[in-house]
Amino acid sequence: MSTAVFAPRSDSRNKQRSNFELYGWMFMRVSGIILVFLVLGHLFIMNILDGGVQRINFAFVAGRWASPFWQVWDLSMLWLALLHGGNGMRTIINDYAERDQTRFWLKMLLYVSTTFIIVLGTLVIFTFDASIG
Amino acid sequence: MSVETPGFSLRATPIGTLYRGGEGMWTWVLHRITGVSLFFFLFVHVLDTALVRVSPAAYDEIIATYKTPIVNLLEVGLVGAVLFHAFNGIRIILIDFWAKGPRYQRQMTWGIAAVWLLIMIPGFYFMTIHTIDALFGSTS
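Sequences listed follow chains S and Y, in order.
For the first sequence, the positions run 0 to 132 when numbering that gives the first Met the number 0 is used.
For the second sequence, the positions run 0 to 139 when numbering that gives the first Met the number 0 is used.
Heads up, a few of these hints could be off.
[Claimed, not checked] Which chain Y residues stay away from chain S? Per the calculated CB distances, all over 10 Å, these: (1) 25; (2) 42; (3) 45; (4) 49; (5) 52; (6) 58; (7) 69; (8) 95; (9) 108; (10) 111; (11) 115; (12) 131.
[Claimed, not checked] Derived list of chain Y stretches under chain S, where covered just means 3 residues or more per stretch with a C-beta under 8 Å from a C-beta of chain S: (13) 27-40; (14) 123-130.
[Said to hold, decoys possible] SDA-like cross-link-like pairs, simulated, lysine to any residue; straight-line CA separation at most 20 Å: (15) Y:66 <-> S:68; (16) Y:66 <-> S:48; (17) Y:66 <-> S:41; (18) S:106 <-> Y:42; (19) Y:66 <-> S:59; (20) Y:66 <-> S:106; (21) S:106 <-> Y:34.
Hints in this document: simulated from the structure, not taken from any laboratory.
Note that the structure is predicted; figures quoted are calculated from it, not measured.
Think of the CB as a built atom: it goes at the ideal place given N, C-alpha and C, for glycine as much as any other residue.
Kindly produce the complete structure, drawing on both the sequences and the hints.
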């Protein structure tokens, strides 16, 4: 790990300044509060209410996604949870992967796979077809 | 816990720190472990749900695994992990933004434990009643 110490007020030091980590810190808290409601509501309906997981099948999903309310619910949950989780994983990689190369490639893997899952999930919600098959 | 030495005592949790030793540290560790576990589950869950775009049969088949006894038990663990992560997240926000948050962080930790148990006990019952019935029930 290389640690560069720049002279105070030098250009290199100022160039590195950005509020990205501050916004990330704030995003974790804001998305976290929203996710408490979205995820706990989702878990309560899917796992506890009215027979829980035993009653879930294709028809059940089709019934829910017929309503824009649950489409928006699930889409918000998908995006917020993956960005929240992705940023958490980024923090953990930064903390524990000490070699520059390892850190770089782990984060690339994280960004590519997270983007893939967000795009896939979004496409599934928007292109869902109850009359398939 | 304290270590007694002649004249003064060393606290296991030094005054003025939140994340070194004691409740503050262990909730931090648990927050990371539950967070990483939930992130990996999320990947799997989006992938299995994506099967609704393949065929109803493919989706029903994968969802059937969620209804088996062992996976059903894992779901209880999932709900437990989410509940802890959610409540501890609120605790972190209160420590950061509420003036008295740092002072009450320990009480909040035990509050989380109490509320967690209060939800998990009936939650366990409602989540596993079908499985328990199928495995041990004599009437159904």
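Against the structure, the hints:
no.	hint	in the structure
1	25	holds, 17 Å
2	42	violated, 6 Å
3	45	violated, 5 Å
4	49	violated, 5 Å
5	52	violated, 6 Å
6	58	violated, 5 Å
7	69	holds, 13 Å
8	95	violated, 7 Å
9	108	holds, 17 Å
10	111	holds, 13 Å
11	115	holds, 12 Å
12	131	holds, 12 Å
13	27-40	holds (count 5)
14	123-130	holds (count 3)
15	Y:66 <-> S:68	violated, 26 Å
16	Y:66 <-> S:48	holds, 15 Å
17	Y:66 <-> S:41	holds, 17 Å
18	S:106 <-> Y:42	holds, 16 Å
19	Y:66 <-> S:59	holds, 15 Å
20	Y:66 <-> S:106	violated, 34 Å
21	S:106 <-> Y:34	holds, 17 Å
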